[in-house]
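Student: Single-letter residue listing:
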Amino acid sequence: MGMAATAATAGRLLRLRAAGTEGPWRRLRAAGLPRGFLQPASADGDAAQRRQVAHFTFQPDPEPLEYGQTQKMNLFQAVTSALDNSLAKDPTAVIFGEDVAFGGVFRCTVGLRDKYGKDRVFNTPLCEQGIVGFGIGIAVAGATAIAEIQFADYIFPAFDQIVNEAAKYRYRSGDLFNCGSLTIRSPWGCVGHGALYHSQSPEAFFAHCPGIKVVIPRSPFQAKGLLLSCIEDKNPCIFFEPKILYRAAVEQVPIEPYNIPLSQAEVIQEGSDVTLVAWGTQVHVIREVASMAHEKLGVSCEVIDLRTIIPWDVDTVCKSVIKTGRLLVSHEAPLTGGFASEISSTVQEECFLNLEAPISRVCGYDTPFPHIFEPFYIPDKWKCYDALRKMINY
Amino acid sequence: MGVSSPAFSPQHSQRQQQHFSSLDDKPQFPGASAEFIDKLEFIQPNVISGIPIYRVMDRQGQIINPSEDPHLPQEKVLKFYKTMTLLNTMDRILYESQRQGRISFYMTNYGEEGTHVGSAAALDNTDLVFGQYREAGVLMYRNYPLELFMAQCYGNVSDLGKGRQMPVHYGCRERHFVTISSPLATQIPQAVGAAYAAKRANANRVIICYFGEGAASEGDAHAGFNFAATLECPIIFFCRNNGYAISTPTSEQYRGDGIAARGPGYGILSIRVDGNDVFAVYNATKEARRRAVAENQPFLIEAMTYRIGHHSTSDDSSAYRSVDEVNYWDKQDHPISRLRQYLQSRGWWDDEQEKAWRKQSRRKVMEAFEQAERKLKPSPSLLFSDVYQEMPTQLRKQQESLARHLQTYGEHYPLDHFEK
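Chains W and X are the protein sequences, given in the same order.
Everything in the first sequence is counted per my numbering, starting at 164 for the first residue and increasing by one.
Everything in the second sequence is counted per my numbering, starting at 294 for the first residue and increasing by one.
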């Protein structure tokens, strides 16, 4: 987990290298980096060495007008804002996890320890099962616990505490006890170079667990509203934050707190021919696919951001498929057992006679998340476009 | 670690900020506060002469060192005795009821009654208890009625847990006893979190967390100890070292000096006590409580005892230990008989009272038992509630689907035993 800082530094250096700029490189070298750690790119800019651009284009939503004054925020700043609002409003709320005290490896908690005190924003030892177990205990005692797991890839030591304990606390006690005031936040999804252990999307593991909620935002505005809802929700929630959007996604976000409801999918674009469903970063991919389909095929797509994985909004998705007759679901996580399977299965039950074509799933391959092969692994717009085209021509 | 310091040795680590000076030949490492040594020597773990076991009474219930006698009033000590014996009686009857197919499962507390009662008595009633599954005496000391013990074991309509869990998974909000769960040691980091919240709330409350020596091998135990120490939590870790984790003896559970020896490794004040000596348990817990709350730091108490009964009704311990071994503890070193001898030597109890109490406690248990058996089980619709605070749409559909299914196929289900 100490790789994160190294990864972040390496990432920055690689971007500079790709840009082919000598100046900043010299400055960094002067800052004391070991000689020979990274050689600058050759002067003529070797195209084969240049890293890929992002596989999506972040589409900001129009400025929200109903929540008061807004400010330009990226996704990590929107998270900070939500956390700030929460700690201001709820004196029992505490934030904890690895490295949150100095601001967090993704800067989500910058400034909060100074503002609210070291008893409210603090580091824990390096132990995910401890972080979640500890968080459950805080919640059982009636206080608000906001736990951070540094990367979703590292949530697995806490799986027992989440699945066997947090999810079942209320049910098994006959509602005598609960840990509803627990929220677990964790960076999620592909980032361009994260490989096996800094890119995972583990929502499917948790989808199979009644008693918790799993929520994934596509943007800063969505992130703040959904995170606030998770924190205030009376059930333990896991909030996955698409790390590739932390800096890349920027839009106007209200300064004051506001809530976006959980278990409600959002139709972000209406259409009549095909329903496209995704969550997190992938929403921006399918949005682009919808444009491509309109342009190249004259096809009208309805684009849905699922937002909450469990309990999921079956009605909105089914209502859409009844209208369009075609469904494409896309996620980075591997195909087999991925959450698209659940959506596909339910939709074919509910909308069988409305379907014009088999439901299409465009997902990651059934492999661990690779490093150098990431551009081939991810369900990019070309794969989605191709699957859509096949559906239309079915 | 070759540390065999007695009782609560004052080693609460206040990590000193080392003053960096390149001129000094002293160690400058941030990771440890220690001197250099130029002799190569491995620290010998001390398991031959381990951490000594604190006790107040001998095996015949006589006070050894009068200055350690807690001088508890007669009423209180009688409550200790009656709680332990009532628990013992309830255990016998419920164990039998499982054998007869009346309840599905049971776990007895034979031999460990002293650990429950001694510790429970040293706490405030509002101190939050996180248990493992062999701490029914703590709940009993807090006056949890027989009716509710039975209701949970039978899963009947009176069960506060709404029939959701196997027997002995008790819980009681009113008595600050967090509902038991089967996975071992999961309660340990949770208890630490609750203690942290109590500290922040200035609640003057200690959290106590019980677990066995087997559960102490789980990663969650390590996590809990480390968090409690680094985050300075008012918590008592109470380990019941009863010699066995189902069939696994302690020699296969750990190789160090038990659980107490681990405490100092985390920076935790630790003590080992005679778990069959209810006064020793009481004294240690009382002092730990006082200091945990006053100083916001964790304490580890390892109560040595012996599991006289089988692990559960699914276990036959004659498969892995001798009857002689079990008999020794039952006859020669039992918390109940040691306390009885104490009571008798004080003139606070005699054979007649013993006979009368046995009859009375047995009758109370039998009454509660018969009533529990007669009650219906909760309505099957309660299968679906409390998964979330609010019932999700899809789950309501599943609930309706079961209701419809029962309308057609109800005859194949034991509906007569359940409320509508």
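Honestly, I wouldn't trust all of these hints.
In silico EDC-like cross-links for lysine to aspartate or glutamate, where the CA-CA straight-line distance does not exceed 20 angstroms [to be verified]: (1) X:K713 with X:D644; (2) X:K690 with W:E419; (3) X:K670 with W:D338; (4) X:K690 with W:D253; (5) W:K252 with W:E419; (6) W:K281 with X:E588; (7) X:K372 with X:D384; (8) W:K486 with W:D529; (9) W:K281 with W:D323; (10) X:K690 with W:E433; (11) X:K690 with W:E519; (12) W:K397 with X:E683; (13) W:K281 with X:E525; (14) X:K624 with X:D644; (15) X:K372 with X:E440.
Hints listed in this document are in silico derivations from the structure and should not be mistaken for laboratory results.
Remember, predicted model here, so these are calculated numbers, not experimental data.
Student: Between K690 (chain X) and E519 (chain W), does the CA-CA distance stay at or below 20 angstroms?
Tutor: violated (27 angstroms)
Student: Next pair to validate is K624 (chain X) with D644 (chain X); report whether the Cα-Cα distance is within 20 angstroms.
Tutor: Given that 20 angstroms is the threshold and the Cα spacing comes to 17 angstroms, the pair holds.
Student: Regarding the pair K486 (chain W) and D529 (chain W), is the alpha-carbon distance no greater than 20 angstroms?
Tutor: violated (32 angstroms)
Student: Is K690 (chain X) close enough to D253 (chain W), meaning Cα to Cα at most 20 angstroms?
Tutor: violated (35 angstroms)
Student: Against the 20 angstroms threshold, does the CA-CA distance of K397 (chain W) and E683 (chain X) hold or violate the hint?
Tutor: Roughly 9 angstroms separates the two Cα atoms, so the pair holds.
Student: Sort out whether E440 (chain X) lies within 20 angstroms of K372 (chain X), counting only the CA atoms.
Tutor: Given that 20 angstroms is the threshold and the Cα spacing comes to 19 angstroms, the pair holds.
Student: Do the alpha carbons of K690 (chain X) and E433 (chain W) lie within 20 angstroms of each other, as the hint requires?
Tutor: violated (28 angstroms)
Student: Please work out if K281 (chain W) and D323 (chain W) have their alpha carbons no farther apart than 20 angstroms.
Tutor: The hint is violated at about 29 angstroms.
Student: Taken at face value, is the distance from the CA of E419 (chain W) to the CA of K690 (chain X) at most 20 angstroms?
Tutor: violated (37 angstroms)
Student: Taking only the CA atoms, is the gap from K713 (chain X) to D644 (chain X) under or equal to 20 angstroms?
Tutor: violated (49 angstroms)
Student: Given the hinted pair K281 (chain W) and E525 (chain X), is their alpha-carbon gap at most 20 angstroms?
Tutor: holds (13 angstroms)
Student: Tell me if the straight-line CA distance from K281 (chain W) to E588 (chain X) falls inside 20 angstroms.
Tutor: This hinted pair holds, its Cα atoms lying about 18 angstroms apart.
Going down the numbered hints, you'll see the structure goes against 1, 2, 4, 8, 9, 10, 11, while the others check out.
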